[in-house]
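Please work from the sequences and hints to get the whole structure.
2 protein chains.
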Amino acid sequence: MTKPPASGLSLGIDIGGSKTHGILLDADGARVAESVRPTLTGPEGVVATTVAVVTECLGQASAPDGTVSIGIGIPGQVDPATGVVRTAVNLGISELDLGQRLTAALGLPVTIDNDVMAAALGAANHLGLADGDLAYLNFGTGVAAAAVVRGRLVRGHGNLAGEIGHIPVDPAGDRCHCGQRGCLEVLAGGGRIAARLAALGTGLTLGTLVQAADAGDPGAVAEADRLCRGIALAVQLVVLTQGSERVVLGGGVIHTAPGLVPVVQQVLKARAAESEFLASLNLAERITVIPADYPVAAIGAALVGLRRTRSKQLAPIG
Amino acid sequence: MTKPPASGLSLGIDIGGSKTHGILLDADGARVAESVRPTLTGPEGVVATTVAVVTECLGQASAPDGTVSIGIGIPGQVDPATGVVRTAVNLGISELDLGQRLTAALGLPVTIDNDVMAAALGAANHLGLADGDLAYLNFGTGVAAAAVVRGRLVRGHGNLAGEIGHIPVDPAGDRCHCGQRGCLEVLAGGGRIAARLAALGTGLTLGTLVQAADAGDPGAVAEADRLCRGIALAVQLVVLTQGSERVVLGGGVIHTAPGLVPVVQQVLKARAAESEFLASLNLAERITVIPADYPVAAIGAALVGLRRTRSKQLAPIG
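Chains as they are written, first to last, in my numbering: chain A, 1 to 318; chain B, 1 to 318.
For the record, the hints were derived by calculation from the structure and aren't laboratory data.
Just so you know, these numbers come straight off a predicted model, no measurement behind them.
Please note that a few of the clues may not be correct.
[Unchecked claim] Okay, the calculated beta carbon distance ranges per label pair:
| id | chain 1 | residue 1 | chain 2 | residue 2 | range |
| --- | --- | --- | --- | --- | --- |
| 1 | A | Q77 | B | K269 | 20 to 28 angstroms |
| 2 | B | V36 | A | E95 | 51 to 59 angstroms |
| 3 | A | V89 | B | L200 | 45 to 53 angstroms |
Cβ coordinates follow ideal geometry from the N, Cα and C atoms, glycine included.
See the structure below:
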């Protein structure tokens, strides 16, 4: 059993496809410890990596006694009530009772949540919108969203909320792996973009996409247009559906393609020029990008754990 | 000044483009009085109609003393905090301080809300999902939604949530009056449908659309396909974005076109047959239609007033 460190600490772990990032925050939200390790995949690998990162973070904390809350963000379908994770494909997990496994291994209670949900809380915290209306859009291999309404995550029935990647926006679009046509994920999911860029055979990557499009490369122009249209549509979709005051963009696609977000904002402004209604929404101005080096999902995971612990203190049954 | 009737009554008024409907509920939710009048348009007309309906309902109540809460649902952009209504086009209102006007005329406090927001509360109440996750989709002249998450309306920043009619779902679609192309409202808004049916010149109406499509009329088949696709997409959109457990359909388009909803459910099932992901959502089974004779917006308006009154009792500043 890992000995819990000083009172009022919160530990957040972001389990990603390539690395697992842990951050320990004190009661004021200052980082007091940090650990990053490559993620070993499969159920055993994920548990082992997480235990190692938790142990490393807690070992760096100076005070020997006190309480710590632990929150975990992980891709896939997560039920925060049970801690069970399903279909975390990139981690090689079909089903894993991660909460129980970690609690047993660490001797400490942990709270598990979907990584995009956790990131939305981290983003709300970063923007000082802890009681506000915000959407976090994640453009990774796929496309997903999480909304904070009046300071609380919108989970939906069966934790389904935020699966916006599979909303079709073009009946003539390419087939999505989900079976539908023209899903948002076909336009703006990193997996599809990488496949299309590779098929061009011109050595074009997400890292050079915007620059190449600026230089007039036809393949890059088409791909950048499609990607920016997809991101712009996703922004519009969450604002019109949930009235999000701010839309935070994150994920590998956003951080890998320099210059992308200003082009998305140009697209939104060009669309607004054709529609008084769109212009009234000021969509381009609602966009915020979390800095690539700000560990939004790990910090959000720490908040997930902290909130859960607090709500349990208030209502022991719940 | 109208004398307030017996304790614990709640009065809900649904101000529609053609008629204004008032319903008085007792503390158990039973209807104790009702009044319907044609809506006089323009600011003065709307105020006069509403005062008449309120007076008529309260006059039917037997007990001479006590408290009553009054809630009003009205189309347009409504700020429930101030009671100001903007751009209620079909009522001839560009801006009206309806809350203040009615409070002055009646001598009683009133709470104003958007009619679709009110209807969502009425639907949640009707389905016994007062603490649940539900979306109400209104297919009237335009298309709008309102979501209840954990028993509370999602209003969004600036009361913007629910404007899903102007989410584009087809880049090759017709131009919308908002300036965009292929908005959901172009597919499934009653105004656009009526214009297209009139342009056919075959006497086809919403009332005969599904029957004519069944009989193979090509114009009816095309229009029914487009309409059902739009409704099906709207259902999918709110479920994937907000995780709504139930999706309630209402509005003139739904109630005027007999046989429409089963066709929408067939469309959803056909789409699910092509996508395991969609199949897992059981979208067709999430749909509920409120009976045409159930005054969902008036009852919801009564709930709006009641909730506001209760929250003020709990938090006088609020």
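A quick look at each hint next to the structure:
The hint said 20 to 28 angstroms for the Cβ distance between Q77(A) and K269(B), and at roughly 23 angstroms that hint holds. At about 55 angstroms, the CB distance of V36(B) to E95(A) agrees with the hint of 51 to 59 angstroms. V89(A) and L200(B) have their C-beta atoms about 48 angstroms apart, which keeps the hinted 45 to 53 angstroms range intact.
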